[in-house]
Amino acid sequence: MTNRIGALGGMLLASLLAWIGASHAQTVSYADAMTMLTRDCGADVKRFCRGLNLGNNEIRNCLVGHQGQVSPQCTATLDAVTASIERRLAAQASVFKVCAGNAKQHCKGVVGEVHILQCLIKTERVDSDKCNQAITDAGWR
Amino acid sequence: MAFSFCGSLVVALLVWSGSAAAQQLTDRQLISTLGQMTATAPVVDVGLLVQEATANVTRGVAELPNWGKLAQLPQLAVEIDFENNSVAIEPESYRTMGLIADALHHPQLRHYKFLVVGHTNATGKAEHNLELSLQRADAIMISLTTTFGVPPGQLIAIGVGQELPLDAANPKSPVNRRVQLVNLGVTK
Chain A
1 MTNRIGALGG MLLASLLAWI GASHAQTVSY ADAMTMLTRD CGADVKRFCR GLNLGNNEIR
61 NCLVGHQGQV SPQCTATLDA VTASIERRLA AQASVFKVCA GNAKQHCKGV VGEVHILQCL
121 IKTERVDSDK CNQAITDAGW R
Chain B
1 MAFSFCGSLV VALLVWSGSA AAQQLTDRQL ISTLGQMTAT APVVDVGLLV QEATANVTRG
61 VAELPNWGKL AQLPQLAVEI DFENNSVAIE PESYRTMGLI ADALHHPQLR HYKFLVVGHT
121 NATGKAEHNL ELSLQRADAI MISLTTTFGV PPGQLIAIGV GQELPLDAAN PKSPVNRRVQ
181 LVNLGVTK
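These protein sequence lines are chains A and B, in that order. No gaps in the numbering here: position 110 of the first sequence is 110 in the UniProt record's numbering, and each next residue is one more. No gaps in the numbering here: position 11 of the second sequence is 11 in the UniProt record's numbering, and each next residue is one more.
Heads up, some of the hints might be wrong.
[Unchecked claim] Selected chain B positions facing chain A (in silico; Cβ < 7 Å):
| no. | residue |
| --- | --- |
| 1 | A88 |
| 2 | I89 |
| 3 | P91 |
| 4 | Y94 |
| 5 | R95 |
| 6 | L99 |
| 7 | A101 |
| 8 | D102 |
| 9 | H105 |
| 10 | P107 |
| 11 | F148 |
Since the hints were derived computationally from the structure, they do not count as laboratory data. A virtual CB, placed ideally from N, CA and C, is assigned to each residue, including glycine.
Working from the sequences, and respecting the hints, build out all of it.
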């Protein structure tokens, strides 16, 4: 019985960690993405991609091109980082559209993206879930 | 990491070096430093900066009129490491690139145009250093505008070689190898 509870607890913990991981990945910044990439792919970059650059996705293309040779951890991190960055960019592009109703309602007379964003951060409790999620995913909280 | 402030306008020269210091530098610091644009900030002609740098190889640019104007704009310097005599950025500097990208995407900075200035120290030939610094500044700009999704109109890259050392008393010091980011004002 104790073992079963222990196993169940372990599964729940694993699910929780996976969920936290997924949530975190949604809002990962470029800086944190690059830290993960350097940590997990730095050695592979130095081995397979000397002379190539970050620009024009050369490093990503190089690592994908050497998929059978680079470490599995690097491949996994590269996929996770790419997906989360795309989500962050999409959120950044959509924040002011998604939050337009909240801004109109709670930030009357506030002009300019910076000030509207500051207002929306202050009115978090009364803003829509979608608006709050977009600001969080954009990394602007 | 070192900050220095001069003049009425806050001009921060922040030189990042080593991974421990990198953990301390945040995109918020970048945003607050680079975002301090004032209405009285001078307008800088990038073409004239290039002319002055090209015409003064080995003589320095610190005292020249347009480079003097540049010093009055919000700016910071970061260290980005490259492979030897190459434009390939070392993985250890990827985080710094990410920090710059995060800052440039923020609403507080994304309507400004930025100058990316490449600097070398005084090791090797000055003419080669000027060329290499431009190529490296270009590599940074291209990385930011492609892989990191920064709009191309937000950045201009130039090189000044060894002509504007941070430590003028020690021109060969590694601290002089850096990338300067300067806020040029609102994008037109």
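Each hint tested on the structure:
The interface hint given for A88 (chain B) holds, since its Cβ lies 5 Å from the closest Cβ of chain A, which is under the 7 Å cut-off. For I89 (chain B), the shortest C-beta to C-beta distance to chain A is roughly 6 Å, which falls under 7 Å, so the interface hint holds. For P91 (chain B), the shortest C-beta to C-beta distance to chain A is roughly 4 Å, which falls under 7 Å, so the interface hint holds. Here the hint on Y94 (chain B) is kept, as its CB sits about 4 Å from the closest CB of chain A, short of 7 Å.
The closest approach between the C-beta of R95 (chain B) and any C-beta of chain A is roughly 5 Å, which is under the 7 Å cut-off, so the hint is satisfied. Because the smallest distance between the Cβ of L99 (chain B) and any Cβ of chain A comes to about 4 Å, under 7 Å, the interface hint for this residue holds. Interface hint status for A101 (chain B): upheld, as the beta-carbon distance to the closest one in chain A is roughly 4 Å, under 7 Å. Interface restraint check: D102 (chain B) against chain A, minimum CB-CB distance 5 Å, threshold 7 Å, status holds.
Satisfaction of the interface hint for H105 (chain B) is found here, the shortest Cβ-Cβ separation to chain A being roughly 6 Å, below the 7 Å cut-off. About 4 Å separates the beta-carbon of P107 (chain B) from the nearest beta-carbon of chain A, less than 7 Å, and the hint is met. Here the hint on F148 (chain B) is kept, as its CB sits about 6 Å from the closest CB of chain A, short of 7 Å.
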